[in-house]
Amino acid sequence: MEKIKVGLIGLYNKEKQMKIFKSFSDDPRVEVTSLSSLKEEDKEIASKFKLKYYSDFSQMLQKEKLDAVSISLPSNELIRAVISCINSNVNILFDEIPINIEEAKEIAEIIKRKKIIFLPASNLFFNQSIQYMIQQVFDNALGLPISLFARSFYRSKPLNWNKNKEKIFEWLFISLTPLINISRKTMSSEINKAEAFITSEYTYSVLNLNFLNNTMACITIGWNECPTYPLAQETLLDVIGTDGVILIDTSRASIRVYSEKNKEMKSIIWDIEEIQIIVKHFIELLEGHEEKQLLTIEDEIASLKVLEEAYKNILK
Amino acid sequence: MNNDKVKKVNVGVIGLGWISNVHLNVLKKIPEVELIAVCARTEEKARRAAIEYGAKKYYTNYEKLLEDNEIDMVDILLPTELHAEAIIKALEAGKNVIVEKPIARTLEEAEEVVKAVRKAKTKFMVAHNYRFWPKFAKVKEAIDNGYVGKVKAILTTHRGWFWWKGAWTRWTLKKESGGPIVEVGIHPIDLLRWYFGKEVTQVYSLARKVHFGIEVPDLVYITLNFENDGLGIIEVSRTIIPRNYPFYHMIHVEGSEGVIESYDSYDYEGLIYNESGIKVREGELIIPRHGFEQELKHFIKCILENKEPLVSAEDAKKALEISLAAVHSAEIGKPVELPLEKR
Numbered sequence: 001m002e003k004i005k006v007g008l009i010g011l012y013n014k015e016k017q018m019k020i021f022k023s024f025s026d027d028p029r030v031e032v033t034s035l036s037s038l039k040e041e042d043k044e045i046a047s048k049f050k051l052k053y054y055s056d057f058s059q060m061l062q063k064e065k066l067d068a069v070s071i072s073l074p075s076n077e078l079i080r081a082v083i084s085c086i087n088s089n090v091n092i093l094f095d096e097i098p099i100n101i102e103e104a105k106e107i108a109e110i111i112k113r114k115k116i117i118f119l120p121a122s123n124l125f126f127n128q129s130i131q132y133m134i135q136q137v138f139d140n141a142l143g144l145p146i147s148l149f150a151r152s153f154y155r156s157k158p159l160n161w162n163k164n165k166e167k168i169f170e171w172l173f174i175s176l177t178p179l180i181n182i183s184r185k186t187m188s189s190e191i192n193k194a195e196a197f198i199t200s201e202y203t204y205s206v207l208n209l210n211f212l213n214n215t216m217a218c219i220t221i222g223w224n225e226c227p228t229y230p231l232a233q234e235t236l237l238d239v240i241g242t243d244g245v246i247l248i249d250t251s252r253a254s255i256r257v258y259s260e261k262n263k264e265m266k267s268i269i270w271d272i273e274e275i276q277i278i279v280k281h282f283i284e285l286l287e288g289h290e291e292k293q294l295l296t297i298e299d300e301i302a303s304l305k306v307l308e309e310a311y312k313n314i315l316k
Numbered sequence: 317m318n319n320d321k322v323k324k325v326n327v328g329v330i331g332l333g334w335i336s337n338v339h340l341n342v343l344k345k346i347p348e349v350e351l352i353a354v355c356a357r358t359e360e361k362a363r364r365a366a367i368e369y370g371a372k373k374y375y376t377n378y379e380k381l382l383e384d385n386e387i388d389m390v391d392i393l394l395p396t397e398l399h400a401e402a403i404i405k406a407l408e409a410g411k412n413v414i415v416e417k418p419i420a421r422t423l424e425e426a427e428e429v430v431k432a433v434r435k436a437k438t439k440f441m442v443a444h445n446y447r448f449w450p451k452f453a454k455v456k457e458a459i460d461n462g463y464v465g466k467v468k469a470i471l472t473t474h475r476g477w478f479w480w481k482g483a484w485t486r487w488t489l490k491k492e493s494g495g496p497i498v499e500v501g502i503h504p505i506d507l508l509r510w511y512f513g514k515e516v517t518q519v520y521s522l523a524r525k526v527h528f529g530i531e532v533p534d535l536v537y538i539t540l541n542f543e544n545d546g547l548g549i550i551e552v553s554r555t556i557i558p559r560n561y562p563f564y565h566m567i568h569v570e571g572s573e574g575v576i577e578s579y580d581s582y583d584y585e586g587l588i589y590n591e592s593g594i595k596v597r598e599g600e601l602i603i604p605r606h607g608f609e610q611e612l613k614h615f616i617k618c619i620l621e622n623k624e625p626l627v628s629a630e631d632a633k634k635a636l637e638i639s640l641a642a643v644h645s646a647e648i649g650k651p652v653e654l655p656l657e658k659r
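As they're listed, the protein sequences go chains A and B. So the first sequence is numbered by this note's numbering: it starts at 1 and just counts up by one. So the second sequence is numbered by this note's numbering: it starts at 317 and just counts up by one.
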């Protein structure tokens, strides 16, 4: 059986892209053949891992006959790369979503037409505890879900903080999108009303979501330089249902389920990294199980629409 | 005032519902307290409580208790809609008054109470016991000591069981009680206002009525906007069904120079650093240490030493105003600006 041929485009988020590379390499069904990067110094990385190096991704797409790529590029270079891959019929694992909703819609339209697999590699969404939580709710472990309370804190400030409002909202939207998608999947419903509040320095925000099925979610997000804090980033989620509660701490390896049905509390520990889950899922999709795709570009568009609506007055 | 060697305050307790057991047990332990009388509408209930807690007398009409010259202070534990009238009568009778929260059912009533307190020469305090809860008090101390710089955002939860299947049906009613936001949400609301040391300018509630027949939201996320910047986010939930779920209060303070986390009530260590998950002791409800004892001792001290209580009538009125704004926001689905029109 022929192996799935994968190429890497860019090392913008180097740590993540290298983890993706390792997860692909560890899978016997996959062969990672090549790396393209504008940076000459990345040639050494290609050489170290026995990958063919290209300074131009178009050349790589032409010569390598790839089945799929993992893209990690800065936002101004993204669209061109995505369109090129789609035109070459190459499936895409995508690091960050395009924050521009029009661009996202354009991509969605083409991938649908060309039947390309496009998987947003959202670490938080694919966190094992989050997926477990969504499954628990789906399996009725908590009765009917009522609400989700998410708290996500970053212990550093993004670049250009307080200088560029657009950049701030780009960070805010990128950080909130997975939380909105987690809420949508957990509640199995779409959002019909969103109300956002933010502090004057844009460092803390709360997003209140109403869903069509009468469930709700409250998402709080914040950035704060706190060198003594034990974690660089943490996300905690509580889901309250009619018959139980589930508490997720994505950073500290803790899942707790309290259920009236089972009359007991379960505590679960996980040990699989998000990237491994993402890559495994992507390979499963490449093998022909497209119907199982957990997160699509349409999900990203739906979340972006919610964000635009919720923050429109603040952005003005 | 009792003139024994130890200066004592002679106390009468009005209302013998569930919370009275907590208050009476605490009052029994305070050396400066002499329990003189208890009062309930049902004679048998009043008589039993007098025997159990060692009160010299019992009454079935609180106005009669207020005529008792032996009593210096009353602890009012009546249902919410009866608070204002009882407070005003007690103050007019020259008693020092502590009353369970909220100060009153409506803002108009609260205003009448504030006026009566201004006229009175005795002490008055609403039992916002969260301020006296040791862990919450420590958080305030840390904020005031500048450990985290300027407070930017505070998140908190008041999450407890669905327990009004029995005697607490009153809390499901809008007119009589205002529901969980006013009855218990007022605790974290008062706490956040105290922590920020600022006034709330806008309130938004994301809310649901979960349990059948309830007239008021029993699961709500309240967003408070504070003057000169600051966000407060409060979950008030009285829908948790699993018996093994702990009575859960979390406080998370984000400041310009640091973070405070307090997961009072149960697996504090686990939530912060434990890598191996948490184990709840089976069949055991872990009741947090509350602030009733500290609160009552504080009020007694204020009477004996002629000091102003930590919670003023105006503070209690503000907490009620924010709570009512949260209820209103839940009803209309929009943010509500403060100050609120009287309702």
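Read the hints as simulated data drawn from the structure, not as lab findings. Please note: incorrect hints may appear among the correct ones.
Stated by the list, open to error - As a list, the in silico BS3-like pairs of lysine-lysine whose alpha-carbon atoms are at most 27 Å apart:
| no. | chain 1 | residue 1 | chain 2 | residue 2 |
| --- | --- | --- | --- | --- |
| 1 | A | 193 | B | 525 |
| 2 | A | 193 | B | 431 |
| 3 | B | 435 | A | 157 |
| 4 | A | 165 | B | 466 |
| 5 | A | 316 | B | 490 |
| 6 | A | 39 | A | 22 |
| 7 | A | 185 | B | 431 |
| 8 | A | 305 | B | 323 |
| 9 | B | 466 | A | 193 |
| 10 | B | 525 | A | 157 |
Stated by the list, open to error - With the C-beta cut set under 10 Å, the calculated list includes, among others, these residues of chain A facing chain B:
| no. | residue |
| --- | --- |
| 11 | 5 |
| 12 | 75 |
| 13 | 128 |
| 14 | 200 |
| 15 | 204 |
| 16 | 214 |
| 17 | 222 |
| 18 | 225 |
| 19 | 238 |
| 20 | 243 |
| 21 | 245 |
For glycine and all other residues, C-beta sits at the position ideal for the given N, C-alpha and C.
Exercise. Are the Cα positions of residue 525(B) and residue 157(A) separated by 27 Å at most?
Worked result: violated (38 Å)
Exercise. Hint check: is the beta carbon of residue 245(A) less than 10 Å from a beta carbon of chain B?
Worked result: Hint holds; residue 245(A) Cβ to chain B Cβ min 6 Å, cut 10 Å.
For this session: Let me know if the C-beta of residue 238(A) comes in closer than 10 Å to any C-beta of chain B, holds or violated.
Result: holds (8 Å)
Exercise. Is residue 316(A) within 27 Å of residue 490(B), Cα to Cα?
Worked result: violated (38 Å)
For this session: Starting from residue 435(B), check that the Cα of residue 157(A) is at most 27 Å away, please.
Result: violated (52 Å)
For this session: Closer than 10 Å between Cβ atoms is the bar; does residue 243(A) clear it against chain B? Give me holds or violated.
Result: holds (6 Å)
For this session: Assess, step by step, whether the Cα of residue 305(A) is no farther than 27 Å from the Cα of residue 323(B), and give holds or violated.
Result: violated (67 Å)
Exercise. Does the structure keep residue 193(A) and residue 525(B) at a Cα separation of 27 Å or less?
Worked result: Distance of about 18 Å is within 27 Å: holds.
Exercise. Does residue 75(A) pass the interface hint, meaning its C-beta sits closer than 10 Å to a C-beta of chain B?
Worked result: violated (28 Å)
Problem set entry | Restraint satisfaction for residue 200(A) [CB to CB of chain B, less than 10 Å] | holds (5 Å)
For this session: Tell me if residue 5(A) is really an interface residue toward chain B, meaning its C-beta lies closer than 10 Å to one of theirs.
Result: violated (39 Å)
Exercise. Within 27 Å, alpha carbon to alpha carbon, are residue 193(A) and residue 431(B)?
Worked result: violated (42 Å)
Checked against the numbered hints given earlier, the structure breaks hints 2, 3, 5, 7, 8, 9, 10, 11, 12 and 13 and satisfies all the rest.
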